[in-house]
Amino acid sequence: MKAVPVPTRASLALRPKQPVNLLLTAAVSAILVLAYLVSAYVSPWSPKRGLGLVFGFLAALLFVFEMLYPARRPKARPFFTARNWIQAHVYLGVVAMLAVVIHAGFSWPHGAFGWWLLLLSAWTTATGLAGVGLQKWIPAALAEGLRVEALYERIPELLEKLLAEADALMEDASDVLERFYRSEVRDALSKVRPSWSYLMDVRGGRDRALEPFRRMAQFVDPEEKEKLEDLTSLYTEKMELDAQYSLQGILRRWLVLHVPPAGLLMALLLIHVFGWVWY
Amino acid sequence: MPRQVSWGTPGRAAHYVFPRRAYLLISVALVLAAGLAFLLMSSHVVGFRSAVAPGSVISAHAPVETSCEECHAPRSGASNPRCQRCHDASGAGRLSNGAHVLFGSGDPRKAAAAPDLYCASCHVEHRGRQAALRVVNEVQCVRCHFRSLRAHPEFAVLRAKSVEAPGLKYPHDCHVREIAKKGSCKEAGFDPGPAASAATCARCHEPAQGGRDLVPISFDRHCASCHLKDGSVGSMDPVAQEDALPTEAIRALGITADWLRRGDAFEASRGKVAKTLLRHKDEWVVFNMWKLRRELDPAGFATERGALMARASQLQRRLALAAPLAGLDREALRAREASLTLEIQGLGRRIAAQPKALDPAGALSRLEEIAAAAAAAGDDTVKADAESIRARAAELRSQPIPAEALPADAYDQRRKELLTALDAIDAADASLKPRTEDLRRRVLAVTPGAAGADLLTRVRDQRQADLLRVRDELRLREGGLAPPRASLLAAEQGRVQSVLAAVQQQLQRMSEGPPAPGSLTSEQRERKKGSLEALLAACSKCHLAPSGSLAKVSAARPVLVRSTFVHAPHLLQADCSRCHPGVAKSRQSQDLNFKGIASCRECHGSGSAKQDCQSCHRYHPPAVP
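Top line first, the protein sequences correspond to chains A and B.
Mapping the first sequence onto my numbering, position 77 (from 1) lands on 131, and the numbers just tick up by one.
Mapping the second sequence onto my numbering, position 491 (from 1) lands on 497, and the numbers just tick up by one.
The following block holds chain A by itself, in its conformation from the complex (with noise of 0.2 Å):
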């Protein structure tokens, strides 16, 4: 019987929720560039005429409804799920970005103006995609990694509870324990160390990080020896919820990277506009 391969995880966060959008988006995206090649190939092409406009007119439309995604919350029911806001926001997104490539005719910018807008335009639109790729991987990687799970906002207040915790177990401890856990374990339990390196393995620096544990129990006495397997199991849990801390952290501050740039854009995008039309 032939074994049916397991799906890794890059390929469950590449793979699209909804196939027959993306299918959509790419035969949308060819018929605007057979669109562009044909019109190009019988007249010149120029942004401010004919298909070119109507591209740039479908981007500005396209970028506005973009903005419009905060709106999902109380608009979302009846008209349109949740579900289907994100996978709009996302594909159109796409297509926007593709249409103001084509909208330039390919071609780079000549003023510092039309750099901005196609920096700015890229920028979003490529921030906008990794946040898609991180909401796919990061919850997938913490479920399948880690044992705790907690709330962003309640990760320090469970920290506390963890260093009282860790306190009174090493209350009545002998002094080679209690100096090692003042010395080795408490500092790192006060206070929550967020690391990117969580992003690619939740586990990462684990091992390493329990070494000086094994090493104690070499020298703590048989009867210390629970304590010790106490503490390294708060110490577990505290690494976890660093990785917890940490992944939970990028995917709220990956849209500080996305949200204000495309603010800025539709600021761009307005001038462009009104350049347009006047002059």
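Check the hints yourself; a few may be wrong.
[Unchecked claim] Pair by pair, the computed Cβ-Cβ distance ranges are:
id : chain 1 : residue 1 : chain 2 : residue 2 : range
1  : B       : PRO121    : A       : ARG307    : 53 to 59 Å
2  : B       : LYS558    : A       : VAL327    : 57 to 63 Å
3  : A       : VAL331    : B       : SER345    : 32 to 38 Å
4  : B       : HIS67     : A       : VAL327    : 21 to 27 Å
5  : B       : ASP122    : A       : VAL331    : 20 to 26 Å
6  : B       : HIS21     : A       : VAL331    : 52 to 58 Å
7  : A       : TRP169    : B       : HIS67     : 16 to 22 Å
8  : A       : GLY159    : B       : ALA344    : 44 to 50 Å
Worth flagging that the hints you see were computed from the coordinates, not collected in a lab.
Bear in mind that the values here come from a model prediction, so they are computed numbers and not experimental data.
Glycine residues also receive a C-beta, built at the ideal position from the N, C-alpha and C atoms.
With chain A fixed as given, assemble chain B onto it according to the hints.
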């Protein structure tokens, strides 16, 4: 049992966890957007416009870069009148698509029907200081023409099998033979340059230094060494003294041309006069040739003179139109606007009245009116003309008006009659000259088969374009923009002025001399014909002299009028005979000795050389046609 790492959420929260504010980020983004938009708009208003410009303009336009209004009209984009303000200062409309169509097809109706194109659709600005604005996207050409050199039609001059009329009798074969006999060109004191195989041709067809084409053939440079003997081009038979005026007699007429101061030998005996030494372009011969021609064929003379006068009048009009827009103040511009508005209204009325123009009563009554005015002048010649016009009017009155266009010959004849009549009116009453000049220009502007309404419509369209420009200029002045620099306008004016000077000089020569006598007796006519032939005997050895007048010489002038063929780079690649085979056997000056588009395709069609339209063709007609 040792402690285990918690599964799931470790315990309950001590208090309610407040979620993030839903619209925080989008609010920040919108505030940033509003701030940036405000900043950019403010910078635009205070004059710092490069931040929002789509790119730098070319170096030549850099002085007006921050003044968008110099090129952009509000809500109209980069408008043509703003380009024409500097680039077509005389308002000739030379840079319009209509002018391009007229340049290519020669058909005014096609030109009038040609759609307007924005200058900016081909010449795309804001592509940086070093951008080549002249280089255009050739897809624009392909929209009306063909896509590749393979589909390029044969050159019009060959396709129509038209015969170039160089005005000379020039058999290439014997000239090539004679030059070859003289040995190499270097021995003859002539260096043909690196294209040694082209030495024989280069004896006469010299590449212009730094120019685009070959140096025009000149008698002194290229012909005199063989055709001039003792300073004379030949001899002439004596002519009757009353037909040819000696220099003294010409001086007595009050003509003080430079050439009269130089005395040449004359031989006079038995009522006849001959010139012993005939120079090339001998002024005495030329003057008397014009005199005899005017006497023998007044209609032909009037047509030629009329054409020149029309050309001069056209150029003068262009000069007159060029100055005001650049130099006029606001009041004068308003006056120009008012006069153009009136003119357009008048043209509208005339176009509306065109269907009635073919009404015999209306048309013939105007003819009668002209004849009566001419007769009233009291001059015998004018009286005779008036009589002939009256007779023609009576004849026309009895004839039905033809439904179709006149045949070419009849058309030419009718035109000659009209121009003769205008000449007569001119001579009779100098105060009518501005009116006759205008009429002459209009008579010459009408093409066979064209209705008067077509011409009037074209004129109206041109006036409307002028009016638009005047109004645009007024708007710009009201907006505080200065007129373009005078030097920008002077360039084109200078070209028009030099052509005008040449035309006026030619007209002056034709006008010199005593007035033509009235009708000639057959005896007088025969004698004068003989005198004219004797005068032109030496000239006719080389020059063509149809109907008693020397044909205009255009030897070795470019025949591909719509392209800009440059010989120099081609001569580095190939021998002359590659494109011009059969020159050594050619016996007629009309032979083009040119393979046509096939010779171009040999290199340009194979991909070894460029084959874009702009390499050979120019879109805009020259400044002075």
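Taking 20 to 26 Å as the hint, is the beta-carbon distance of ASP122 (chain B) and VAL331 (chain A) inside that range?
21 Å Cβ-Cβ, so the 20 to 26 Å window holds.
When you take the CB atoms of LYS558 (chain B) and VAL327 (chain A), is the distance between them in 57 to 63 Å?
58 Å, holds
When you take the CB atoms of HIS67 (chain B) and VAL327 (chain A), is the distance between them in 21 to 27 Å?
About 24 Å separates the Cβ atoms of HIS67 (chain B) and VAL327 (chain A), which means 21 to 27 Å holds.
Could you see if the CB distance from VAL331 (chain A) to SER345 (chain B) stays within 32 to 38 Å?
For SER345 (chain B) against VAL331 (chain A), whose Cβ atoms are near 35 Å apart, the range 32 to 38 Å holds.
CB of GLY159 (chain A) to CB of ALA344 (chain B), is that within 44 to 50 Å?
45 Å, holds
Range agreement (Cβ of ARG307 (chain A) with Cβ of PRO121 (chain B), hint 53 to 59 Å)
About 56 Å separates the Cβ atoms of PRO121 (chain B) and ARG307 (chain A), which means 53 to 59 Å holds.
Between TRP169 (chain A) and HIS67 (chain B), is the Cβ distance one that fits in 16 to 22 Å?
21 Å, holds
Quick check on a hinted range of 52 to 58 Å for HIS21 (chain B) and VAL331 (chain A), using CB atoms only.
54 Å, holds
The structure meets every hint from the earlier list without exception.
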